[in-house]
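Line by line, the protein sequences give chains F and R. Numbers 1 to 476, taken from my numbering, label the letters of the first sequence in order. Numbers 1 to 476, taken from my numbering, label the letters of the second sequence in order.
Hint data in this document are derived by calculation from the structure and do not stem from the laboratory. The structure presented is a predicted model; accordingly, all values stated were derived computationally and were not measured. Every residue, glycine too, gets a C-beta built ideally from N, C-alpha and C. One or more hints might be untrue.
Quick list of simulated restraints, FRET-style, between CB atoms [said to hold, decoys possible]:
| hint | chain 1 | residue 1 | chain 2 | residue 2 | range |
| --- | --- | --- | --- | --- | --- |
| 1 | R | 245 | F | 218 | 24 to 32 angstroms |
| 2 | R | 463 | F | 27 | 53 to 61 angstroms |
| 3 | F | 32 | R | 68 | 31 to 39 angstroms |
Number of protein chains: 2
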Amino acid sequence: MENDSYSAHRTYLMADSKLLPSPGGDPVAVETLLQDVFGIVVDEAIRKGTSASEKVCEWKEPEELKQLLDLELQSQGESQEQILERCRAVIRYSVKTGHPRFFNQLFSGLDPHSLAGRIITESLNTSPYTYEIAPVFVLMEEEVLKKLRALVGWSSGDGVFCPGGSISNMYAINLARYQRYPDCKQRGLRALPPLALFTSKECHYSINKGAAFLGLGTDSVRVVKADERGKMIPEDLERQISLAEAEGAVPFLVSATSGTTVLGAFDPLDAIADVCQRHGLWLHVDAAWGGSVLLSQTHRHLLDGIQRADSVAWNPHKLLAAGLQCSALLLQDTSNLLKRCHGFQASYLFQQDKFYDVALDTGDKVVQCGRRVDCLKLWLMWKAQGGQGLEQRIDQAFALARYLVEEIKKREGFELVMEVAPVLKERMVKEGSMMIGYQPHGTHGNFFRMVVANPTLTCADIDFLLNELERLGQDL
Amino acid sequence: MENDSYSAHRTYLMADSKLLPSPGGDPVAVETLLQDVFGIVVDEAIRKGTSASEKVCEWKEPEELKQLLDLELQSQGESQEQILERCRAVIRYSVKTGHPRFFNQLFSGLDPHSLAGRIITESLNTSPYTYEIAPVFVLMEEEVLKKLRALVGWSSGDGVFCPGGSISNMYAINLARYQRYPDCKQRGLRALPPLALFTSKECHYSINKGAAFLGLGTDSVRVVKADERGKMIPEDLERQISLAEAEGAVPFLVSATSGTTVLGAFDPLDAIADVCQRHGLWLHVDAAWGGSVLLSQTHRHLLDGIQRADSVAWNPHKLLAAGLQCSALLLQDTSNLLKRCHGFQASYLFQQDKFYDVALDTGDKVVQCGRRVDCLKLWLMWKAQGGQGLEQRIDQAFALARYLVEEIKKREGFELVMEVAPVLKERMVKEGSMMIGYQPHGTHGNFFRMVVANPTLTCADIDFLLNELERLGQDL
């Protein structure tokens, strides 16, 4: 508990407690436990968890799984042996997202250097809000953000790591409205005219969630049409802006998407930037999925124009397999907008009479207080692979996607398979052979969305996917 | 990259990429790397990092540290040996928050079972938004939240883990306004009357940050007086409510604090709940710091009345040393308020035609999409220590705080020390002997805020603190 030396007679200290012997563990026992757990992690989660000859998941119905896990928290502690058995069970019944047949989400694969960085992060357990308690990570975050900004095309700017792409997108919306109406921070949205932001119908749902959370309301999100490939149509953006203005709303932000969630489409950023420039609107690019393509000389043209954005959200935990979560919000701004918009100068944390340059205390840039260190895993992976190694991964992903397309063209019957996606999904999960997500889209019924993100994938894995879909559906 | 089987001719697949050999690492090399890194973690971060005979930090000026770390990200990758040296350097120059002389923040200490849970979490790298990809953690989170709710005094309810207490507090504010004005989600704050929320001047700054982020503006935060111990004065709360109403604002929420940031005070919840009941206001309790006191039969009376709250924010990463971050938002609500307020039914993730009970897909309760697994570390620690073991830690913390008070009373000169807090702080950090935070408060100048959170602390560590403050300041 807390105390302070100037006035110690706090009521909460008055309880008649007796001093107990320290419950601090024996250091040898601590190390033994951690060594044992680490051994289990290596055997079960890493070796078996990434082996194509093991199941990607061990399906259990919820009620059965509850029994198997014995989740209830009791008053009595358990023995080291019981704890190790619990660790094994947790891993056994968890989905192996590093498995070569896990295609279910926009993240997949297990990068050993990233995992090493994450283990170090956990062991150091700090928060990068002040240089004082996170000197390495404050400097490292700055360097990593600088590198990501350079790939966007900016030689200066600002940024921060957020707990996921949704919150990065919310930051962008909040910054855009603050820049236009700084009064908003103090006086709230009631002091402002009705605002309008624009994004395509293929955008991630976090734009709508963010508009609701930030008090704008989902009505403030104006939906722009996309073409049949899923790309925003700039002419319709123009039309929607005029429409909003005619209705008395003030347009303030366009959120373009580089790599949409379902179709993987890249909005035409240059044309959208032209529209933004014409109307004086903040351009945010949600590149949570597609941002990593900037590493590839061959494919980065898909994001041409991104350097004209005001803000970019980019999640290296997706296509770069940096581990959940690693989401950067990047800004072209050099006017300290982040700190002005979010800062509150807490005197217990951001003392101005410190013995070092307090500009290094970056915690007031964020709406959180304590936050996780998200830079080390990406930094260490980058140091190990180099930009070249990461570029190769991106190129490999594109090559495998291309291979998949060619192979599908060769096979009969894949058009028909779609209508049975939920049935195939149930079969693959219960067998544990692979995991791939399905969803409807527009006038199309359920279809499988193939995600190529795992850096260890090969053509053989793609062949497996196709063969397995055929096998699972052969009686349908 | 993504693909979909119904219409494969996406532009982004047309780039002329050639298939590359798989960059997937050799499994033996992967295991060797991780074993080596883990060895470094055990030696440097755990053994040395928690040893009182080692420094709590190795102070370097920012420019020197940048040189030492060689942070720049290059095109070429590095050898395994270089990577291991980088891991050592990162740990060497990081602050050891598990060290017995780290008193600087509201978190401290290294719990081995929590760390084990965190390593497993990282190795499994999943997001608990669907049962499909996080079966173990969806069920485990439910069980852990149920246990925390039971300690609050609720036999039913809802909840979710958030990325930190600030965001938990924001959730509470958003839920309270949505419950009163469900229209807000769609139509925004402009459709609502001016709102007012109430909290004491000792509250955490996240209440103000949250009000700004959520579009309410900091003007909507009405500051209630606190007594000299830092506790909210319920009579002044009544007065502020009348004042706000007289000014045309609609009161909707009171945020009480159980364990304030600087003084560690516990607001009188029963008296505050009476006021809330009279005015029909949502009662939120920010128990980020103090919530863990509910585990102690001896001290839980400090939170008497918490069962009358509508929502509680509780961070086991603070007083229970569960590791950053572990912040629960608990709700008494059983009407699915979380999902109604935040849900957006993304059809690619929350398909309704799944083969299992989709009520288990909890991801639509949150404003994030992907999020981290924060329950395993707490669950595993609880299984190992039992409720009794955790209770003992809380009682120990109170006993040590009491011991500190008694020892301070015996020593001359500690009243005077305060004015030199910044100087003492610089000296201790540069020597690396300990870390403790200081701040001004009210009419008092800078004073040291002693935080007793590390479960391994003993009276000897408290004696060290006092002796060290005397030693560092003997020439002043």
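Comparing the hints with the structure gives:
1. The supplied range of 24 to 32 angstroms is met by residue 245 (chain R) and residue 218 (chain F), whose beta-carbon atoms lie about 30 angstroms from each other.
2. With their beta carbons about 21 angstroms apart, residue 463 (chain R) and residue 27 (chain F) fall outside the hinted range of 53 to 61 angstroms.
3. For residue 32 (chain F) paired with residue 68 (chain R), a C-beta distance near 33 angstroms keeps the hint of 31 to 39 angstroms intact.
The structure fails hint 2 only (numbered hints given earlier).
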